[in-house]
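**Q** Spelled out, the chains give:
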Amino acid sequence: MNITFPHLGNTYIAAKVLFEGLGVDYTIPPLSSKKTLEIGCLYSPDDVCLPFKIMIGNYVESIQRGADTVLITGSCGPCRFGEYCELQKKILLSLDKDIKFIVIDEPAKIGIREFLNRLSMVAKDSKLSKAKKIKALSMAVKTINLIDNIEKECRFFAGFEKNKGEFARLLKTVKLEAIEAKGAEKTLKVLEEHYEKLKKIEIDNFKNPIKIGIIGEIYTIIDPLSNMYIEDILMNLGVSTRRTLYPSWWVKNTVLSGLKINFSKIYKESKEYLGLCIGGHARECIGEAILNYKHGFDGLIQIFPVGCMPEIVSKAILPDIERRYGIPILSLVVDEMTGEAGYYTRVEAFLDLIEGRKKLCI
Amino acid sequence: MIIGIPNALLNIKYRDAIQEFFQNIGVTTFVSPKTNKEILDLGVLNCVDEACLPVKVFHGHVEYLRDRCDFILVPRIMKLQKNEFICPKFCGLPEMIKYSLDIKNIIAPTIVAYDNKTLKKSLYELVKPLNIKKEKFEKAFEAFKSNLYKYRNLDYKNSDLKVLLLGHPYLIYDDFINMNIIKKLKAFGVSVYTEDNVDFYDYTYRLIKKPFWTFLRNTYNCAISLIETGKIDGIIYVSSFACGIDSFSIDLIKKDIGSFPYLVLKIDEHTGEAGIDTRLEAFVDLLKRRAKNEYNFSTLG
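Chains as they are written, first to last, in full-length UniProt numbering: chain A, 1 to 362; chain B, 1 to 301.
Note that these hints are calculated values from the structure, not bench results. Just so we're clear, the structure is a prediction, and the values are computed from it rather than from any experiment. By construction, the Cβ of each residue, glycine as well, lies at the ideal position given by its N, Cα and C atoms. Watch out, some of these pointers could steer you wrong.
Chain A regions said to be covered by chain B (calculated; three or more residues, Cβ under 8 Å) [what the hints assert, rightly or not]: (1) 93-106; (2) 271-278; (3) 317-328.
Output of the computed footprint for chain A on chain B, the stretches with three or more beta carbons under 8 Å from beta carbons of chain A [unchecked claim]: (4) 23-36; (5) 82-91; (6) 123-132; (7) 208-214; (8) 231-244; (9) 248-257.
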């Protein structure tokens with residue numbers, strides 16, 4: 001058994017730690033590229049949303065490198081993501097008959113026994129004791145929290161740095177070194193070392209950079225290919241960015257909502273506009289928009305794939321937030337045919353607008 | 001007090017039942033006319049660009065009703081089956097209407113109706129502010145329930161060619177958006193079946209996971225059971241552009257039925273009628289030729 005999984009931001013580093021800790025064979029798909037997207041578009045239905053296509057591309061590229069089992073998470077919400085496994089399995093089976101699928105669904109919906117059953121399928125080949133398996137899992141959770149924290153701080157403090165490009169360089173090296181490190185413990189050690197280094201980078205507290213919050217559909221804002229590396233571009237322009245929806249946030253939120261305790265501020269803020277869960281992350285998008293305003297951010301960028309059902313609802317609500325709080329919001333809709341030039345022009349114009357507002361102290 | 005009922009989305013299917021319910025509890029209703037060019041334009045102008053056509057049309061109907069009645073009914077239909085949903089856009093419909101059209105006087109009851117009890121509760125929440133007597137409500141509710149399943153039966157005459165018309169009810173019953181597709185098929189001498197006038201069985205065991213969209217489950221079951229029982233000669237799927245549910249159900253059916261004749265018509269606000277006509281005609285021609293030649297293969301190969 002050789003397990004593979006779709007990319008979602010930094011999860012591949014955590015997955016590496018998990019599978020190496022368990023002693024299970026795995027294949028990390030090559031980082032998503034234009035070629036991945038091309039392969040994905042070839043086999044996917046036309047109308048389906050962008051994450052589906054990139055995921056199919058990831059699977060095919062890993063299967064070419066020897067993987068034979070696909071591990072994905074599912075959901076039973078009203079958004080399309082929950083049905084992904086169904087159609088993706090059909091598509092992959094028509095390409096290769098021996099592919100197996102392990103779908104990790106919400107324990108609340110499929111029953112705790114079935115959930116544990118599916119989890120144990122992942123670690124079937126591992127000869128370790130139960131205690132060691134649990135240790136591997138906890139190390140993976142630690143990794144995802146650590147790498148996401150590093151990325152979060154790098155992105156935010158990029159606007160404040162004294163020597164330009166230090167945070168960008170650190171972010172690049174940490175990912176490269178983490179993936180090349182051998183063994184779970186060593187990977188974790190690399191991350192910890194870099195976290196220490198991060199704290200030593202000099203910061204100019206008197207700077208007043210443009211601060212932008214990134215909100216929208218979780219996959220497209222995490223995955224750099226689908227949002228055209230927007231965070232890297234903003235980082236190079238000396239803009240501080242922040243987003244809450246990281247894979248580590250998703251893990252925490254799923255566990256908490258499974259236990260039916262959710263104290264998140266996001267839901268409190270969004271209650272006035274959208275009181276119910278309508279699937280996807282529409283509620284989080286609204287709540288984030290208001291929270292970012294309260295934290296003194298200058299503008300917001302909403303990104304979602306064409307036809308994303310929950311985000312269409314939140315796009316209808318955002319203009320009201322824009323009017324009421326006086327915070328500019330740019331909505332970017334992406335799909336496999338998004339042109340780079342038009343996209344960057346809009347981002348640049350948006351930044352100019354914010355700069356102008358800042359000068360006039362609006 | 002006049003309550004406006006937009007004649008779009010699922011209201012099309014349940015319009016008569018809703019109207020009679022309000023009549024029985026003594027509230028005047030005003031139903032917007034069938035979709036026309038003016039309503040469509042109003043909708044396209046006011047709605048979020050990325051939304052699908054039926055949602056845009058719904059916006060148009062609400063905008064049309066805005067000055068013509070005191071309140072407008074925009075139901076938030078969450079569930080019609082246990083553990084199943086309709087569509088995220090249905091769940092957020094009142095919010096979309098409220099902020100896109102900047103309209104305050106909407107009534108947005110949350111409808112969770114997977115059995116008698118929950119449906120009753122949802123409706124009672126809706127009429128609570130009106131201070132209606134309990135007996136009157138009970139009576140109106142019974143009438144509503146019996147009317148719910150009285151779908152409009154499309155009278156189809158029996159012909160040799162039978163086609164299953166799949167798609168969401170609000171696309172099949174709205175003659176303006178689907179450009180009179182039922183009438184056109186009848187003119188070609190085809191008898192048209194829809195989800196509402198045939199019986200079908202559960203085939204979801206073929207899927208690895210029980211679908212959580214009511215629309216997807218119904219269309220999938222309907223298509224597969226009619227093909228398995230050999231009742232139909234072809235399927236026409238009417239779908240709106242950028243419909244999230246259809247993007248899955250079209251392909252799930254396609255992957256299961258092999259080479260069975262299957263036509264997908266994507267509809268949006270720019271669709272030209274001539275293109276639809278040509279494709280329908282070609283499809284019917286194909287079915288006719290297929291019926292003629294199916295058993296006449298030469299034994300020599």
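**Q** With reference to the structure, classify each hint as holding or not holding.
**A** Right, here's what the structure says about each hint:
1. With a cut-off of 8 Å between beta carbons, the region 93-106 of chain A has 4 residues touching chain B; three or more are needed, and the interface restraint holds.
2. Note: the region 271-278 of chain A has 4 residues with beta-carbon separation from chain B under 8 Å; the three-residue rule is met and the coverage holds.
3. Counting residues of the region 317-328 of chain A whose C-beta lies closer than 8 Å to any C-beta of chain B gives 3; at least three are required, and the coverage claim holds.
4. As drawn, the region 23-36 of chain B meets chain A at 0 residues by the rule of a beta-carbon pair under 8 Å; below three, the given contact is violated.
5. Closer than 8 Å: that is the beta-carbon criterion, and the region 82-91 of chain B has 7 residues meeting it against chain A, so the requirement of 3 holds.
6. Restraint check on the region 123-132 of chain B versus chain A: 0 residues with Cβ-Cβ distances below 8 Å, three needed, restraint violated.
7. By the rule of at least three residues with a Cβ nearer than 8 Å to a Cβ of chain A, the coverage given for the region 208-214 of chain B holds, with 5 such residues.
8. Restraint check on the region 231-244 of chain B versus chain A: 4 residues with Cβ-Cβ distances below 8 Å, three needed, restraint holds.
9. Beta-carbon proximity to chain A at under 8 Å applies to 5 residues in the region 248-257 of chain B; the threshold of 3 is reached and the given coverage holds.
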